[in-house]
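Protein chains in written order, with my numbering: chain A, 1 to 433; chain B, 1 to 433.
Be careful, since some hints might not be right.
The list treats identical chains as interchangeable, and a pair is accepted whether it falls inside one copy or across any two copies.
Think about it this way: if two alpha-carbon atoms lie no more than 27 angstroms apart in a straight line, the pair counts; the simulated BS3-like pairs of lysine-lysine are [stated by the list, open to error]:
no., residue 1, residue 2
1, Lys374, Lys91
2, Lys72, Lys7
3, Lys218, Lys7
4, Lys241, Lys309
5, Lys91, Lys254
6, Lys338, Lys27
7, Lys225, Lys154
8, Lys156, Lys26
Derived from the structure by calculation, the hints contain no laboratory data.
Note that this is a predicted model, so its numbers are computed, not measured.
Protein chains: 2
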Amino acid sequence: MNIPTEKNLKRVIIIGAGFAGLQVAKKLRRDKYQVILIDKNNYHTFQPLLYQVATAGLEPDSIAHSIRNIIKKTKNFFFRLANVHYINTNKRKIYTNIGNIFYDYLIIATGSVTNYFGNKNIKLNALPMKSIPEALNLRSLILQDFESALLTNKIKEKKKLMTFVIVGGGPTGVELAGALAEMKKYVIPNDYPNLDHNYMKIHLLQASTRLLDGMSIKSAEHAYKSLKSLGVSIWLNCLVKDYNGEVISMDKNKYIETSNVIWAAGVKGALIKGFLTKDMKKNRLLVNSYLRTIRYKNIFAIGDIAFVKENENYPNGHPMTAPPAIQQGNYLVNNFNKLLFDNSKIMKPFIYNNFGSMATIGRNKAVCDFSFIKLKGFLAWIIWMFVHLVSLVGFRNRVIALTNWIIQYFHYNKSVRLIIRPFYRKKYLKSRF
Amino acid sequence: MNIPTEKNLKRVIIIGAGFAGLQVAKKLRRDKYQVILIDKNNYHTFQPLLYQVATAGLEPDSIAHSIRNIIKKTKNFFFRLANVHYINTNKRKIYTNIGNIFYDYLIIATGSVTNYFGNKNIKLNALPMKSIPEALNLRSLILQDFESALLTNKIKEKKKLMTFVIVGGGPTGVELAGALAEMKKYVIPNDYPNLDHNYMKIHLLQASTRLLDGMSIKSAEHAYKSLKSLGVSIWLNCLVKDYNGEVISMDKNKYIETSNVIWAAGVKGALIKGFLTKDMKKNRLLVNSYLRTIRYKNIFAIGDIAFVKENENYPNGHPMTAPPAIQQGNYLVNNFNKLLFDNSKIMKPFIYNNFGSMATIGRNKAVCDFSFIKLKGFLAWIIWMFVHLVSLVGFRNRVIALTNWIIQYFHYNKSVRLIIRPFYRKKYLKSRF
């Protein structure tokens, strides 16, 4: 890895530059620690807006930010672009594609990956949306589908290409369904005047009894009504059984013919090899209320990958979203920085402050659940935009995203409808592009 | 292709949505013609700014514009995303990957491709920069090189990774060399504090006696001096013989060890099969001064692909740049539109108005040659930016590009240093990423 050993500094390795890892990497005192940040990308991804990349609303570059640009020229900080394969907890070493390295402290912030719940067919045929390349694939596929639908006279084929099934009625699924419904309304009739846009169908499948499980019933009902009014078919209490690339089958012998299944039904911790099964829970690493792993005093976990045990308020673990990740990162880095001055001071346990949650449905439509007030409609939409805008990393990204949103608001358009690197997956498309 | 035949309308097929083809497609009268535009991409590329995508200055989405967005919902207009394989001039049919189609008139505006002058090794190992995916590959490669250089202690290896050889001293080569030199000055020391940025070398190789062959000697000399002062090594009268991916060899037994050769040494017409050798000149289609091919009355060629014969001012053909392409497109579409009203009217031959040319070198540095005045320095740079900005297609793209430029001007930064889809080419990189 070509990183020098500093005798007077303890080495902290952070794996993952997501919301949690980035907080620690940015704030850790470099006069006391040598800080090494490792990520498989050279950029931080603002995952809450991936759906806008997939639906041609934002360019990928405005929701990604170069890690080297976030943490500039500073002493005792090293970023390495690498994949971590294995952690040897006895030797205190991590093994990566660019070499092995010793740690004094290890902070695991690897986040989560798409959870297909073991269904191989779905993994093979459905499209995930957890990374920028995946969102770009989705954008290409959606646009290629319309180009292909133009070419065929077979109504059945046309409909299959223009049917989009989103599995998972959480914020991601709701936001994606809303964005696709707006494409149907504002973009497709202009871009494809020779295509009957009524063939375009958007289905949102949810396993539980309502949308937005993590939010209030009021917000869920508002989202339901809003999506319905945009023409989205919503299937509640619906379990997906299989998807062969042509037909998605659900329980109760229901099925939909479609070339496009987007899988937003769940995530699971992105584990690294080297831990025992009893160190994990629900595919996440068990940590105590100081975010320290149970077995190893010098290993910590934060963000989606961490499962805080014995937590009354969150017996199933904290939500796998940005706010707990950011708070855990901040909590941990404060402890690391403080311990230097007062080793004996007893740390307070981590407590997650849930300020609320929100989801956008479309133009002027969103829902916000705050502890003190619940909002919907235009005001909620403005708040949603403001919160996402200020959360974006980097001044440039905020300006570019805001500019895009303003232009789109007045033009009723999706600006970046470009098939820049065509996505080949299905036989049907392969033969055509 | 699923395009209906209109009995009362002549069908015009335009191949290529570059500067030339787009002019025709936008302006052709749809009450008199059925217009079909075919391109291998669903977007128009603003090629003069590709070098800024390659050097992390602009996101690809701001120099590309969706063709369906440029030409919105209009009657008798059809865009098809397709590759044209062959033209059957007897049957008046084009053959594509999405089917065959008959034309009444054919306008060939396929532009140009990179010219390796028959050298297979160079084609295999050097990097071109004629399309957005190619520019993105280049961006990834440059950034990956620095990540790799960090990992090795072998000085020779480090230097090889950090050496960039640009072949071709035209505007593209000059602009790319300037942008890389600015990365060395402003970006690399901040992003890679542990890397000696003096190892980064930029070489610009030019076969002729001076840079910017198409511009004035004064401008060429200014560009030479400016690049020199930015630390670029300029090799004039230098012929490239070979490149094996490790070492580029020139005449007079000279060579440079480098992992990165960027080929900006020339372009050639992007010909489609179906024409006779005697219909071509210098890999371009021969046309008369009305831009009509010699042999076929219903086939026209415009832009880079067209070679206007018996042209006193341009005996070697018009420059293969945007201005002649735009003017030829405009000229041809006017003839097409006018002939309807006055078939007997004798057409005027096409005459290219050369308003001048320009090239930027870096911050506050550019050269402009106009017929009435020659400029250099800050004013030339402002004019260069203004002309490129207003030439970009689409309001959004102009706003986003301007925003990027303003932010970069004050931050001395390259905003989009993201390795979004890593580019694997060389053994060295393959083993690491």
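Going through the earlier hints one by one, which of them does the structure break, listed in rising order? 1, 3, 4, 5, 7 and 8
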